[in-house]
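Peer 1: Given next are the chains, with one letter for each unit.
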Amino acid sequence: DAKTTQPNSMESNEEEPVHLPCNHSTISGTDYIHWYRQLPSQGPEYVIHGLTSNVNNRMASLAIAEDRKSSTLILHRATLRDAAVYYCIPYAGNMLTFGGGTRLMVKP
Amino acid sequence: DSGVTQTPKHLITATGQRVTLRCSPRSGDLSVYWYQQSLDQGLQFLIQYYNGEERAKGNILERFSAQQFPDLHSELNLSSLELGDSALYFCASSVGTYSSYEQYFGPGTRLTVT
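Protein chains in written order, with the working numbering: chain A, 1 to 108; chain B, 1 to 114.
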């Protein structure tokens, strides 16, 4: 499994953009980069995923470095509901391997 | 709402007992995954089924077993329960097994072993 490195925690102000970084330098060429988040007392929630190109959906954007060794999840306007632990996971198609993730705190 | 349902929501039982956790995947999803989340171990993958067949196994104890039925729902059986089995158990489903498919998680079953 590819190893990932994420900051333990980050803080953001409400309605400001947030950039959550992830290093995955040992990622395999066919692994998609998946992002999930877990809100307090809930199950993990799919956020976004991509292979090489940058991706956008209604929740977030994903910027993937050209060498694929890192990626950044972008929340365009953080809300209090976005306070969660965010996990970056290089995914081969069977098991999701969750690391420690980044705990995002959003201040009103 | 992810579309994945899990029952029961909470389960309290004694050491040595056996329990069954149930998961219904999203409509159209063929793959089911089970994960365990405990305070000291974080989220850990247990086992995956695809269209009724076991596809991948994680650090699942021998006391634990699972199966996926023809209607695609899945059950996780935990036996000879120990205090350390107390955890949240999540089921997830996806369309298939390729890395381009995302997983959708259920709300979980909280198991407390006393």
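Calculated from the structure, these hints are not laboratory results. It is possible that some hints are incorrect.
To be verified - No more than 20 Å apart at the CA atoms, straight line, and that leaves these computed lysine to aspartate or glutamate pairs for DMTMM-like:
#1 A/K3 x A/E66
#2 B/K57 x A/E66
#3 A/K3 x A/D82
#4 B/K57 x B/E75
#5 B/K9 x A/E45
#6 A/K3 x A/D31
Peer 1: Does each hint hold? Answer for all of them.
Peer 2: Do the hints match the structure? See the list:
no.	hint	result
1	A/K3 x A/E66	holds (18 Å)
2	B/K57 x A/E66	violated (33 Å)
3	A/K3 x A/D82	violated (25 Å)
4	B/K57 x B/E75	holds (15 Å)
5	B/K9 x A/E45	holds (18 Å)
6	A/K3 x A/D31	holds (12 Å)
The structure fails hints 2, 3 (numbered hints given earlier, in ascending order).
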